[in-house]
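Residue numbers (this note's numbering), protein chains in the order written: chain E, 5 to 278; chain B, -4 to 364.
Think of the hints as simulated: they come from the structure by calculation, not from any bench. Just so it is clear, CB atoms sit at the ideal spot from N, CA and C, and this is done for glycine as well. Check before you lean on any hint, since a few could be wrong.
[Claimed, not checked] Pulled a few chain E residues facing chain B out of the computed Cβ check, cut under 7 angstroms:
| id | residue |
| --- | --- |
| 1 | Ser169 |
| 2 | Ala173 |
| 3 | Asp176 |
| 4 | Leu177 |
| 5 | Gly178 |
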Amino acid sequence: MNALTQRLRLIPVLPAYVAVYFLFLYLPILLLPVFSFNNAATTTFPLAGFTTKWYASLVGNTVMLEAARNSLVVGVTVSLLSTLLGICAARAITRYRFRGQKAAAGLIMAPLFLPEIIVAVSLLMIVLAMGLELSLLTVILGQTVFCVPYAMSVLVSGFEGFDRSLEEASYDLGETALGTFRRVTLPVVAPAIVSSLLVSFTISLDEFILAFFLSGTEPTLPVYIWGQLRFAAKLPGVLALGTIMLAASILMLTFAEILRRRAERRTQMALMLP
Amino acid sequence: MPERPMIEIENVSKFYGIYKALDDVSLSIAEGEFFSLLGPSGCGKTTLLRSIAGFETPTHGEIYIDGAPSLALPPNRRPTNMVFQSYAIFPHLDVAENVAYGLKRLKLTPAEEKKRVGDALDQVRLSGLGQRKAHELSGGQRQRVALARALVMRPKVLLLDEPLSALDKKLREEMQVELRTLQKAVGITFILVTHDQYEALALSDRIAVMFGGRIAQVATPKEIYQHPRTRKVADFLGGMNFLKARVLGEQAGAVSVDAARFGAVSLAKPHGFSASDGHVTVGIRPERLRLLWDDDRAPHELAGRIENRAYFGEVTHLTVGIDGLEEPLSMVETNNYGADDLPIGAEIRLAFDPDAFVLLAEDPPVSRV
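All chains should be modelled from the sequences, with the hints used to inform the complete structure.
Listed below in structure tokens is the structure:
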């Protein structure tokens, strides 16, 4: 055993594996920004020089802008809705003990593990059966179902260990129930809530399958991109758009993770005994 | 000590469903007193403390704080403040903001608020740490912030819920001394909940020992240690050798009993004494038994042999078998003379003082439903 680990240390097998792994994972994504600045309509090497014209072409593209607006409306609404529902669920799971609690938590998390296309098809069937018009509203409802588990996991890690005696200490020091919520409860859990909003928004922004099935005549950005891929000439524009979305997603997820960790530290710390 | 009552608890009961957390508790705590509620977990001591703070509402009875009936008042309108077991330091605020938390509602001038926060931090020896974040504090410091945050409100009563239980032994002993000094300095009533009998003995003016939702005895530390009223109280406050004894006779204020191998012993007669079947339980503390070395002689001696021995550094705990006694005796001996070297099975003699025996009443049966 010892000899084996030593041999492995001599031959850099593991570092090489990790390097290949990351290359495979991130090289295609890195090509996206590279070609988006490439002065050619095809995505082939050698590169043909630097240009920002693909980005400039996006500004005048009203169909694309309309899709971006749709994505924004859907993203904001979905993040608000799923965070609101997530708060209720996370509070129930972290604060109370009730019959069927584990089952309830499991069922809320389940959409994460169901094939998304199956969820999309069944939602489409229900929406049609109910005689609803496919619209941004149906996309919002579908994506909310899908985002609540993410929101809930982020919020549970923020709420877990929120020490009840913090609220009691506040009452004890003369504060009212409302004042306690404003001065203690909200500030302590705020980072988790913001983090949940950002995570849900990012997921909604990138989400394709549900949006594709449920959006009708109002495409979101991923659906728009899918439509553009049929035209080879539009590809560089799509790459530029994709680069922007990628950057936005990474920024928001990083920020969300920072906030989630801060929330966790706060609540854990309140409980931590020396 | 001023005798004006600060807290009066009148026939307070608290039921959870049919479970009696508190069973008809009455108690009077004086202004400026350091009072401890002592008992095992689940005895109702925390429920009683939380009832005074306003976090629990008793099912029956009334609690008067400084003469005013208080059960109708929510916690934020009672002249009490609490130090929580977890300290409950607000994690998003620094030390000074934590201490100033309750002052914000009093609409003080900024200068006055700053002065009160500074004074409170001085009081708990945290001067200069006002800007520290909560997560940068040690356990002892967090405890002090919790104290300062409560004291800065100038409560009439400070309630402490097992405040030292999370600290390690050394720090706990330091904080005990400080708590006592602090209480003398501020002069307000402190009510401490603890399950640590030594803490209660070392800190309190008076102690209430609780079992099964009831108060078993209220007395000064010395009285409660030397003259526990019942077997359970005696047992909870340190070691005790219990013996069945036969009543020989009753005089005014005294009972004489036959305490097996210890012979005839005369004991102070407790209030309301009755020995229905002619037998009583008597007890003697382990440290009141003394080893006799070589030619030492004592007026009252017993012979026995060492059955077990445990080394505690400064003392050794011995278990000594005596012929004619059902249970072996526990005794505590300093290690100055070599008690820690006595082999198991060694034949020894021990001395006892017949005046050290106490007569213990039967504990009332515990029923919590």
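Hints, one by one, checked against the model:
1. Because the beta carbon of E:Ser169 sits about 4 angstroms from the nearest beta carbon in chain B, less than 7 angstroms, this interface hint is met.
2. Here the hint on E:Ala173 is kept, as its CB sits about 4 angstroms from the closest CB of chain B, short of 7 angstroms.
3. The interface hint given for E:Asp176 holds, since its Cβ lies 5 angstroms from the closest Cβ of chain B, which is under the 7 angstroms cut-off.
4. Given the 7 angstroms rule on beta carbons, the hint for E:Leu177 holds: about 3 angstroms separates it from the nearest Cβ of chain B.
5. For the restraint placing E:Gly178 at the interface with chain B, the shortest Cβ-Cβ distance is roughly 5 angstroms, inside the 7 angstroms limit, so the hint holds.
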